[in-house]
Every structure is written in structure tokens, then in C-alpha cells.
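Numbered per numbering that gives the first Met the number 0, the sequence shown spans residues 0 to 177.
Do not rely on the hints blindly, as some may be mistaken.
Just the calculated beta-carbon pair ranges, DEER-fashion [stated by the list, open to error]:
hint, residue 1, residue 2, range
1, Ala110, Ala16, 51 to 61 Å
2, Ala110, Ala44, 23 to 33 Å
3, Ile3, Ser162, 48 to 58 Å
4, Thr113, Asp58, 25 to 35 Å
5, Leu126, Pro78, 15 to 25 Å
6, Thr137, Glu177, 22 to 32 Å
7, Lys174, Ala59, 16 to 26 Å
8, Pro77, Ile3, 45 to 55 Å
9, Ile132, Ala110, 24 to 34 Å
10, Trp75, Met173, 29 to 39 Å
11, Pro84, Ala12, 48 to 58 Å
12, Ser162, Lys2, 54 to 64 Å
Note that these hints are calculated values from the structure, not bench results.
Just so it is clear, CB atoms sit at the ideal spot from N, CA and C, and this is done for glycine as well.
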Amino acid sequence: MAKISPLMIAPPAIFAALAGMFAVSMWQGKNDDLPSTFIGQQASAVPVEAVNGTNQITDADLRSGEITLVNFWASWCPPCRAEHPQLLELAEQGYRIAGVNFRDAQDQASAYLTDYEDPFFATGFDLRGRVAIDWGVTAPPETFIVDGDGTVLFRFVGPLVGSDYEQRFLPELMKAIE
Numbered sequence: 000m001a002k003i004s005p006l007m008i009a010p011p012a013i014f015a016a017l018a019g020m021f022a023v024s025m026w027q028g029k030n031d032d033l034p035s036t037f038i039g040q041q042a043s044a045v046p047v048e049a050v051n052g053t054n055q056i057t058d059a060d061l062r063s064g065e066i067t068l069v070n071f072w073a074s075w076c077p078p079c080r081a082e083h084p085q086l087l088e089l090a091e092q093g094y095r096i097a098g099v100n101f102r103d104a105q106d107q108a109s110a111y112l113t114d115y116e117d118p119f120f121a122t123g124f125d126l127r128g129r130v131a132i133d134w135g136v137t138a139p140p141e142t143f144i145v146d147g148d149g150t151v152l153f154r155f156v157g158p159l160v161g162s163d164y165e166q167r168f169l170p171e172l173m174k175a176i177e
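Construct the entire structure; sequences and hints are all you get.
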């Protein structure tokens, strides 16, 4: 019977132990929410340009005394298209929704709002995505609930659809309104 050297067992054993530690660290305290350093802080600046054919969002719009939803979207984004009916429904219910289009072409953004109906009271156009970076947006769509004084109350990553929307976003919206 051949003897197995401890030097042959050590590398796989060390690798397995490290992999186990990393796996435990990844799932320990796992939370689907991405932390946002902007919660409780004043909203960042908005774009200085609007989507063609729409009203320009201003910083004053975020400090109007009313709750405002700020939705970052793009015409090329399938999840943005999936959430669009929900945005229209929220707007129909009287919620103030500002849309910030980013990394898009003006003509495509404008055509999208014309073709699919515009749920936004005002928009911003962020061609290079600089404003989105300032807000901490990782990918569209993302929606922020902003208090009437411009304080960011909540950040929702992903489309406003399904049970995630119902169980996470709507309770935060109701809490903001109260």
C-alpha cells in the first residue's frame, strides 16, 4: 500500500477550508437589499437637460413638500419596459414620479414616452450616466422615494413588478406618505 504524503493532502485541504469560510461569509446575514449611503441624505443633483418634449425636473421639484418617486430608466432596458405599466398606474393614482433617462439616445427616449405613454411629471436626460452615478444607481431600473424636503427615504433596485414590489416597495411608499 502506497503511503500518501501530508504535503499532497495539505493544498486541497487548505483550499477546501478557505472555500468554506468564503461561502459562509457570503451567505451570513445575506440581505437582498443593496445598501445605500444616500438613505437619510439629501438627494443628489438632477440632470440639467430633459427628455425632448417633456418638462425638466429641477432640484426644487424634489423639495416641493410632496413625496416624489425618482425612477432611473432607459428605453433599451427590458426590466424598465416591464415596470412601465406599474409606473403609469402609480401616476394615475396621483403619485409624483420624475423619470431620469440615462445612457440613452434623446430620440429613442422621447419616442418611448410617446409610444408607451409618459408617467412622469418631469424628466431628466443623463446621456453619460454621471447623475446616475451621483445617485448611486448601479443599473436601470432603480426607483427612489424622496421626502418633500429632498431627503432620500428608500431605494428600490429592479423593476416595480411582482411580489418584490408589493412586499418591499409599497410598504415603504405607504410609510413615507403617513
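Violations among the numbered hints, reported as their numbers in ascending order: Every hint satisfied by this model.
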